[in-house]
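**Student:** In case you want the letters, here they are:
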Amino acid sequence: MLIFAYSGFFSPEKNNYPVVCIHEKLTGQPCVSCGLSHSFSLIVRGRVEEAYQWNHYGMRIFLFFVVQLLLRVTFSVFYLKYPDIRMKLIIADCTGSGIIFLAAFWPFITNIVSGIFYTAS
Amino acid sequence: MEEVKNNSGQNLGIAALITAVITFVLAVIPCVGLIAIIPGIIAIVLATVGLSQASRGNSPRGVMLAGLIIAIIASMISFSQIFVAGKIVNKADKWPLNIQNIVNDVQDNVNKDIDDAKVSIKVESNGEKVEINTSSDKKDQEKKLEDLEGGNTPKKDTIQKHDSTQKHVIIRKKK
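Respectively, the protein sequence lines represent chains A and B.
Taken in order, the first sequence gives residues 25 to 145; the numbers are from the numbering used here.
Taken in order, the second sequence gives residues 674 to 848; the numbers are from the numbering used here.
Hints may be right or wrong, so weigh each one.
Straight-line alpha carbon distances no greater than 35 Å define the calculated DSBU-like cross-link-like pairs of lysine-lysine that follow [what the hints assert, rightly or not]:
1. Lys795/B with Lys816/B
2. Lys38/A with Lys49/A
3. Lys760/B with Lys49/A
4. Lys795/B with Lys38/A
Since the hints were made in silico from the structure, they are not lab data.
Treat the numbers as computed from the prediction; the structure is a model and nothing was measured.
Model the full assembly from the supplied sequences, consistent with the hints where possible.
**Tutor:** Following this line, the structure appears as structure tokens:
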């Protein structure tokens, strides 16, 4: 919800985003997640093509948050409605969310892993 | 006598778990990954306090342990973003060298094209006009030009390029 509020409140035209890229500040070079805020804002406003131009992975990250919001609501309802299968619901939630997380954030995860291996070598 | 279990530390455990999950998501995003270490530390503190309360009150510790483990992993991921920054810096250092290599390659290709091209040389001096059309080696052309000029180097020259395949070089001696 916070992500959607953030994306809706801050405008890509005004470029008034409070979050700045730490990597860009430290190194002077953009990272793989640069332009994600712009991308989210443009997706919220229905400008998907422009969102892809700002960040190629913006859509999949945004979809992760959308799916998570739906999952939270769904699992909360099931959790309250069926107290007998709560443990199963928690396991299913953790597994499903984990897989979706890996699918959405895979480019960023590989970026971190390659960074560690690069430094180690 | 049956042990009495209460919920002491459970609220802290839930807070720690939520903070840890948020930290985990933030830590993976490179732009904000380094900042994520702050909520990571907060989650670790919350989980630790919750665990101590739970152990004193003999209450379940699953949520606190889950929060603590996720917070520690998230903080480690957040810390590892330093290596990603290091990788970016190292790559950025190599960019000028790569650009220099590209420029050198382009320069070599252009020189090779000029050497291989058909050359037409026109020399005009006091109404006399000499024209050489050839596709032979560039050094031969230079030698012929020197022979024609008699060793006198013109003070001001003009060079005109017409197209990429056939190059016309017009040299005019200024009076």
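**Student:** Hints numbered earlier in the text: which of these fail when held up against the supplied structure?
**Tutor:** When the structure is compared with the hints, only number 4 turns out to be violated.
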